[in-house]
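Asks: Start from the sequences, fold in the hints, and give me the full structure.
The sequence shown runs 0 to 219 under numbering that gives the first Met the number 0.
Mixed in with the good hints, there may be bad ones.
Stated by the list, open to error - Subject to a maximum C-alpha distance of 30 Å in a straight line, what follows is the list of computed DSSO-like cross-link-like pairs (lysine-lysine): (1) Lys208 / Lys46; (2) Lys150 / Lys15; (3) Lys150 / Lys9; (4) Lys32 / Lys150; (5) Lys15 / Lys208; (6) Lys9 / Lys32; (7) Lys32 / Lys46; (8) Lys15 / Lys32; (9) Lys32 / Lys208; (10) Lys208 / Lys9; (11) Lys150 / Lys208.
No lab work stands behind these hints: they were computed from the structure.
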Amino acid sequence: MSSFPLATAKTELRNKHQQARQLAAHNRDTWRKSNAALSHNVAEFLKSLRCPGQPLRVAGYVPLDDEPGAGTLLNALESHTDELWLPICQPGFRLSWSQYDGPDSLAVRNPRLPIPEPRGEGISSTECLPTLDLIVLPALAIDHTGYRLGKGAGFYDRAIAEAWTACSSNTSSSAVTSSKAMPELVGVVFSTEVRPFVPHDERDCAVNKIITEIGITTIS
0 MSSFPLATAK
10 TELRNKHQQA
20 RQLAAHNRDT
30 WRKSNAALSH
40 NVAEFLKSLR
50 CPGQPLRVAG
60 YVPLDDEPGA
70 GTLLNALESH
80 TDELWLPICQ
90 PGFRLSWSQY
100 DGPDSLAVRN
110 PRLPIPEPRG
120 EGISSTECLP
130 TLDLIVLPAL
140 AIDHTGYRLG
150 KGAGFYDRAI
160 AEAWTACSSN
170 TSSSAVTSSK
180 AMPELVGVVF
190 STEVRPFVPH
200 DERDCAVNKI
210 ITEIGITTIS
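Replies: This is the structure in C-alpha cells:
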C-alpha cells in the first residue's frame, strides 16, 4: 500500500472509531461499566505477572474521558505495579517518561494536548522502556495480528521503535544492555475496536496482547 492510500485509509478508520467512542460515551451507565470491566481485566493481568521478590515495573498512560479505561485505568495500573511510568509529550512527536507519584504529580502541560502528564522532565524512551516488564499502549483499534491504530501523531510508534533499537543494540549503557529483552506490549481497546485488519506499514508497532472489557487475547 503506497503512502497516500495508507494515510487515507488510516484517517477514515480513525474518524470512524473516534466518532463511535464519542457516541458510546453518551450512554454514561454502559460507558462506566465497560471502563470498569476493562480496568478490572488489566488489574487481573497485572496480578498474574507478579513474582515473589520481583518488582513489577510498567509503562502506562492516563486515558482521556473518551478513551477506554477513563477514570479507572490509572488506579488499576498504580494499584498493581511497583513502578508506574507515564509519558510526557516532547517536541518532534517523541515521548519521555517519568515515574507516577500520585495525582498531584500530574498536570496538563500543553493546552493543545490536554493530557495529564508528570510534572518532571522525565527520561527518554531509550533509557526507560527497555528496563521495564510491560508497556501498556492506547489505541483506537487493533487488528488480529496486533497492529494498532493510534491517533496519527506517531508518539508511541516512535517510542517503541527507539526501545527496540536499544534492546537490539550491541552497545551498553547504565540503563540498557544488549541482552535486555523487549518488554511485552499490551494494547487496550474496547471489544468493538478489535478488527480483522488495521492498515499499517513498517513504522507501525504491533502488540503482543489485547485487553478489552470482555477479556484478554494473546496474539499468536
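Asks: Give a verdict on every hint.
Replies: Evaluation of the provided hints:
no., hint, verdict
1, Lys208 / Lys46, "holds, 15 Å"
2, Lys150 / Lys15, "holds, 12 Å"
3, Lys150 / Lys9, "holds, 9 Å"
4, Lys32 / Lys150, "holds, 24 Å"
5, Lys15 / Lys208, "holds, 23 Å"
6, Lys9 / Lys32, "holds, 29 Å"
7, Lys32 / Lys46, "holds, 21 Å"
8, Lys15 / Lys32, "holds, 22 Å"
9, Lys32 / Lys208, "holds, 22 Å"
10, Lys208 / Lys9, "holds, 21 Å"
11, Lys150 / Lys208, "holds, 19 Å"
In summary, the structure agrees with every hint in the numbered list given earlier.
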